[in-house]
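J.: Following the hints, complete the assembly by docking chain B onto the known chain A.
Going down the list, the protein sequences come from chains A and B. Read in my numbering, the first sequence has 736 at position 736, and its numbers run on one by one without any break. Read in my numbering, the second sequence has 60 at position 60, and its numbers run on one by one without any break.
Calculated directly from the structure, the hints in this document are not laboratory data. Fair warning: this is a prediction, and the values are worked out from it, not measured in the lab. Treat the hints with care, since some could be wrong.
Derived list of chain A stretches under chain B, where covered just means 3 residues or more per stretch with a C-beta under 8 Å from a C-beta of chain B [unchecked claim]:
(1) 374 to 384
(2) 401 to 409
(3) 740 to 749
The beta carbon of each residue, even a glycine, is placed where N, CA and C say it ideally should be.
So you can see what is in the structure, the chains are spelled out below.
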Amino acid sequence: MRNRWKGFMAGLLSAVLCMGSFGQITGSAEESDTAMGRYVEEELTLPEDFYVRDIVRTDAETLRIIGTTENMEGSMAMLESSDGGASWEEAAELGAECEEMYFLSLKLAPDGGGAGTAMMSGDESGDYSYYYVSFDAQGNTQSRQLDDYPGSNLLFAADGTLLALQLWSRIVTLDRATGEVLATVAEISAEVIGTVGTQVLAVSGTQLAQYDYTTGEPAAIDTELENALFADGAGYVVTTSMGFPIVFAEDEDGRLYYVTDQGIFAHVMDGGVVEKAVDGSLTSLYAPGVEICALTVLDNCFYVVCNIDGYAKLLKYVYDESISSVPQNELTIYSLKENAAIRQAMVLFQKQHPDTYVKYVAGMSGNDGVTASDALRTLNTDILAGSGPDVLVLDGMSVDTYRRQGLLTDLSDVVKEVSESEGLFENVTEAYRTEDMLAAVPGGFSLQIAAGDPALIEGLDSMAALKELAAQTNAINATDVISLTGLLYPSYAGSWKNEDDTIDQEKLAEFVNGVCEVTRLYRENAVAESQELQELFARYDSGEYTSYEVMDDLYSIMDDTMAMDVIDLLQNPDQVAVGTLGSVMSYMGLTSVNKHTGKCAESLLALGQQNVFVPGCVLGVVSTSKSQERALDFVRYMLSAEGQCQMEGSGFPVNRAAFEELLHPSSEDPKAIGFTVGSSDGEEFTELTYEWPTEEELDVLRAMVEQVSVCAETERVPKEVISEEISRCLSGEISADEAVNSIMQKMNLYLAE
Amino acid sequence: MLRAKGRMRGVCSRRADGTERVSGGYADGAEQISGRHVDETRRVSGRHAGRADAAQGRRHAARARLRRELPGILFLMPGFAGVACFTLLPFIEVVVRSFQSAVTTQWVGLKNYREVFSNTAFQTAASNTLRFTAVCIPLLVALSLLLAVVLQKLKFGKNLLKSMFLIPVAVPAASVVLVWKVLFHSNGLLNGLILRFGGEKISWMGSSASFAVLVISYLWKNIGYDMVLWMAGLAGIPVEIYEAARVDGAGEWKCFTRITLPNLLPSLYTITVLSFLNSFKVFREAWLVAGDYPHQSMYLLQHLYNNWFRELSFDKIAAAAVVNGAVVFVLILLLQRAWDSEV
Numbered sequence: 001m002r003n004r005w006k007g008f009m010a011g012l013l014s015a016v017l018c019m020g021s022f023g024q025i026t027g028s029a030e031e032s033d034t035a036m037g038r039y040v041e042e043e044l045t046l047p048e049d050f051y052v053r054d055i056v057r058t059d060a061e062t063l064r065i066i067g068t069t070e071n072m073e074g075s076m077a078m079l080e081s082s083d084g085g086a087s088w089e090e091a092a093e094l095g096a097e098c099e100e101m102y103f104l105s106l107k108l109a110p111d112g113g114g115a116g117t118a119m120m121s122g123d124e125s126g127d128y129s130y131y132y133v134s135f136d137a138q139g140n141t142q143s144r145q146l147d148d149y150p151g152s153n154l155l156f157a158a159d160g161t162l163l164a165l166q167l168w169s170r171i172v173t174l175d176r177a178t179g180e181v182l183a184t185v186a187e188i189s190a191e192v193i194g195t196v197g198t199q200v201l202a203v204s205g206t207q208l209a210q211y212d213y214t215t216g217e218p219a220a221i222d223t224e225l226e227n228a229l230f231a232d233g234a235g236y237v238v239t240t241s242m243g244f245p246i247v248f249a250e251d252e253d254g255r256l257y258y259v260t261d262q263g264i265f266a267h268v269m270d271g272g273v274v275e276k277a278v279d280g281s282l283t284s285l286y287a288p289g290v291e292i293c294a295l296t297v298l299d300n301c302f303y304v305v306c307n308i309d310g311y312a313k314l315l316k317y318v319y320d321e322s323i324s325s326v327p328q329n330e331l332t333i334y335s336l337k338e339n340a341a342i343r344q345a346m347v348l349f350q351k352q353h354p355d356t357y358v359k360y361v362a363g364m365s366g367n368d369g370v371t372a373s374d375a376l377r378t379l380n381t382d383i384l385a386g387s388g389p390d391v392l393v394l395d396g397m398s399v400d401t402y403r404r405q406g407l408l409t410d411l412s413d414v415v416k417e418v419s420e421s422e423g424l425f426e427n428v429t430e431a432y433r434t435e436d437m438l439a440a441v442p443g444g445f446s447l448q449i450a451a452g453d454p455a456l457i458e459g460l461d462s463m464a465a466l467k468e469l470a471a472q473t474n475a476i477n478a479t480d481v482i483s484l485t486g487l488l489y490p491s492y493a494g495s496w497k498n499e500d501d502t503i504d505q506e507k508l509a510e511f512v513n514g515v516c517e518v519t520r521l522y523r524e525n526a527v528a529e530s531q532e533l534q535e536l537f538a539r540y541d542s543g544e545y546t547s548y549e550v551m552d553d554l555y556s557i558m559d560d561t562m563a564m565d566v567i568d569l570l571q572n573p574d575q576v577a578v579g580t581l582g583s584v585m586s587y588m589g590l591t592s593v594n595k596h597t598g599k600c601a602e603s604l605l606a607l608g609q610q611n612v613f614v615p616g617c618v619l620g621v622v623s624t625s626k627s628q629e630r631a632l633d634f635v636r637y638m639l640s641a642e643g644q645c646q647m648e649g650s651g652f653p654v655n656r657a658a659f660e661e662l663l664h665p666s667s668e669d670p671k672a673i674g675f676t677v678g679s680s681d682g683e684e685f686t687e688l689t690y691e692w693p694t695e696e697e698l699d700v701l702r703a704m705v706e707q708v709s710v711c712a713e714t715e716r717v718p719k720e721v722i723s724e725e726i727s728r729c730l731s732g733e734i735s736a737d738e739a740v741n742s743i744m745q746k747m748n749l750y751l752a753e
Numbered sequence: 001m002l003r004a005k006g007r008m009r010g011v012c013s014r015r016a017d018g019t020e021r022v023s024g025g026y027a028d029g030a031e032q033i034s035g036r037h038v039d040e041t042r043r044v045s046g047r048h049a050g051r052a053d054a055a056q057g058r059r060h061a062a063r064a065r066l067r068r069e070l071p072g073i074l075f076l077m078p079g080f081a082g083v084a085c086f087t088l089l090p091f092i093e094v095v096v097r098s099f100q101s102a103v104t105t106q107w108v109g110l111k112n113y114r115e116v117f118s119n120t121a122f123q124t125a126a127s128n129t130l131r132f133t134a135v136c137i138p139l140l141v142a143l144s145l146l147l148a149v150v151l152q153k154l155k156f157g158k159n160l161l162k163s164m165f166l167i168p169v170a171v172p173a174a175s176v177v178l179v180w181k182v183l184f185h186s187n188g189l190l191n192g193l194i195l196r197f198g199g200e201k202i203s204w205m206g207s208s209a210s211f212a213v214l215v216i217s218y219l220w221k222n223i224g225y226d227m228v229l230w231m232a233g234l235a236g237i238p239v240e241i242y243e244a245a246r247v248d249g250a251g252e253w254k255c256f257t258r259i260t261l262p263n264l265l266p267s268l269y270t271i272t273v274l275s276f277l278n279s280f281k282v283f284r285e286a287w288l289v290a291g292d293y294p295h296q297s298m299y300l301l302q303h304l305y306n307n308w309f310r311e312l313s314f315d316k317i318a319a320a321a322v323v324n325g326a327v328v329f330v331l332i333l334l335l336q337r338a339w340d341s342e343v
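Looking at chain B on its own, in the form it has when it is part of the complex:
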């Protein structure tokens, strides 16, 4: 039975006394393929023979490891080929182009980077994008978690509410734009309400209020999706832990902070990264409503890239894309590091 369950392994481990142990075979040790103690060999054949055996052992281990990992690698290959063709190789091209002129592809060194960093439009767009991310991600993560916890507690109507919160995810961007226009036009529903209550019209899309519109739109669109992810995480926490805690006298808040939150940490990383990546998609609605040049407060990096593309500024797009890619990569690495250290 043990043998049937055993997994192939190739293990090369170093003992505390400095000797090496090379083994390959089933984990349960039912079948040793090439395992032997190097120190034992050393005693019999001397120093050189010991090295030869060690090398042979490593080869065996490597072969065994390859054999073990080959199916995984083969399964990954088609996907990786796609990523390489459509993402990695083009990105390498983008990196190369970031050092070249747009049309004539002459080598210009760091000129494009200097232009990008000194470009006030880039500064505005980058700061807006960062501000948007900094405001939206924590808000979205917190609100969706709150909703998930509340929905989890509900006994009736849970599925109906879950579906309702998911509807915005399925609404096409073009339809969202119509809702935006109806709501936020100067003579739209919101201003109608404000006027009815004696207030003054707000130029939602033509003032700094447009940033709030963008944030609300992002939250509305993504909160259901994140909520479902949180609920999946919540479902994975054993009920017995809560029962035991309550027996020990823990209240709801204590259960939430001491059991729920720590157990949801593995989900946090995924949800944050997905929310971060989804935050780039809010550009579609912003662009469809306000065009190439919206109010300054909702002018995002994607607006800039879009306009640079129209103006044939491939050189600047390439440099900015490299910078953008690097920032996103570093942020994801930081998130992963934080997650690893917590888990």
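With the rest of the complex left out, here is chain A:
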């Protein structure tokens, strides 16, 4: 009887579990069918060239913003809107003295006035003077010169109390009229502060602290809020003066809101869970490099002031009941490393396709020890399980492998369509064409070039010529010598691969011996004769400095190494630098050096192979994708002029219109883009003013872009194997011949697999 009872209970439990699981599946489906409504983003139009800095709700209907007219060149003004930001009228203008000031911090008070700290270039000595500025709702301004750099982030509480976070280490209350410290609330290391009620919230990189600013007493930590703030390893570090990674706000009812790149969140203090009101990944907040300045809430709408790519924007989030709570379609994009161009594009693409949720997955976050091989195995598991991505960014992956496995869709139609409508550099976009299909298409590309002394560049046509330069004193850029394997690999890698998938040992040996010999000669000549270079190389040898190749894992430096060489070429006009050129900015640097020294030319690198380009942001669509049409739309968007213009860090655009737009930006006068950079080598300060290239100089760039025709080998495994063995050879662990044999043996295994 007892056994039967046990059996019955076991059976019942099993049945409940099974039904429970079915119920959950059914429930989810129903939920996704019926749940409607979510916040959608719209960018509010402001008067032309108005650079908004802050926003505040002054009463139940009115919003007030403050900013600079004439795009930071004109006066400070406050605008008001009573129709939820649809139209703006000037409310007041600040005193004329503010026109010369650069505001480090500028905040509006709930009464419409405000305060700020500012700096102003001073007398002929070039020193800056600092000011505390306060103003009322009518713009009546008073300023007081400060003795020292204020280092304060100001903040008005809902009751008008002015607080400041001074030098990221002290929270104080200030006298609004004079800016003098009234009381110290807390001595605490924090990045950002916010207020709710009479509490000030201090957020450091990894923790939350709360104080009552009226008494200075610590308050109990709201654990729900703290957990939500730091969920999934989130941290908040202020890196610029233009914005913050997190900003707090409070509504009329005392509810706390905060905005991060993950979205806008709502929380009743000590009252329960933190709700995600706006999903950041569906908005511009998710774009790379967003700096948030301010948040306010009015009539159930959120208003966010932020800087995106240097442009100040006022974004409004309105609840729309007519659309589904989550987009009905999902598009997953995968890349091995974080790719800023993809992140930017997905935000813009999502705006064009509000019914699509674009999810971006980067296999290697850089801080969890996941290697490329681990990430690829995880990706393959997902693909096998039918939950793989729809679009693959194939940088660091083997296009050929995925094509042979039938994983990639033919992109011929998409590329042809964009090419016919807008024009593409087909010498680049056709790089992955095989007899039957176009498996992938580069979204950008870099050039393999040599830059520097024209006399040296002219003869640089072989590894032997490079060795000759290495034997001379300081004729090659020292940093390039350190990273020589990575810099020369793209132009050489294709040369040793035979058509039958075997390795030409002779060519491989030429490369390995060449790199080892150039490094040895450079150390024996240039380094031996220069104390400065000896110190530099000692720092690399000890691991204090890291090569481009190592840094590339985090910053993708190898896509545009010339950016790093510009100042070196300015300081050493008789040198030559080799590497990749992947941006107009770097080219501008090289031409500017030429204007300065008269000795800086550029030409395509002709070592190993000629006319080599390095593909970037290589896009492929997964053939088993359930959202294949949308995935193709994304590739189409990425290749379009609009998509290409926003690409950063993936080289030159493959779209001809976007390329020309880069060379002749329509929004700004190229001649006005010049800026100055400086560098000190310990004794001498070198300054270079970047000037826009002349049309003749741009023609040189155009010619090089048209000339490239050979796609560099970018497969990760051979590159890693070769780099590792050359590194062992350079450290003296093995000889060059042993390195070649070891590479051959490993490469043969790789190719045989």
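T.: This is chain B only, laid out in the frame that chain A set:
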């Protein structure tokens, strides 16, 4: 008393004269449930009646057998369900996939097998794995037995030594890797010693010496575990046999070859199979030290599978896994056959 000890049995046996005897009940015969002599029935009821009775007897016997084995089957079911879910069914999927393309799952016949057998990387990896197994298993079995016998003879410090030999089993692979690097780096301890004695550096991980490193590592890691298994076997041999043999004038060697070894044969099968299966685990250390592409001499099948997985070659992995599984299965069957015939 006999009845209390009796076990339920259902026995269907054939006599020498061709008649059948079906019986079910307690072994001691204290209670006969359905036992009867079929030939006796035949005499009474003729041929048809005899067949009917025989069939009925078989049914009874089957029922009795089922009743006897049911508890065992029920106890096995949860474990078998797990094995079926996580091993057998996936393996069937692997077998099916070995005849399909990787991503599109199109039927490709024996193409994957042809590719695997003609693949030089597979040939290298398979030959290395076989060579590793052929070298390591006999070495491990012999050395661990030797250690077990020596430890068994020790009067003092036996437990301490046993624990020391077992320590490598408990050391995590990641820590073993650190030891490897310290020992076998070109500027590591071993090369330091070699240089001190006037020798030349050896590229332990970059030459064929890496195979020896792999073998030594495997022996170091597993010898304690096998030794404990042998010692369990040794403890099961009655001391009286040795005493009797010594009284008859047998020496240590004779006792070892005539008493110890024959009595350890039942342990040999288990130890060999476990050592064989453990030999696959050496890949962890090899991979952590030398990555996806170690020196050719220590490139094992697991390296190949790992790399094929990275390259999305599920089709080739499936075919190679079927081949690998079949080889392992045949080897274990052969071992079992050898063991059965010895025992």
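J.: Let me make sure I understand: some of the numbered hints might not hold for this structure. Which ones are they, in numerical order?
T.: none
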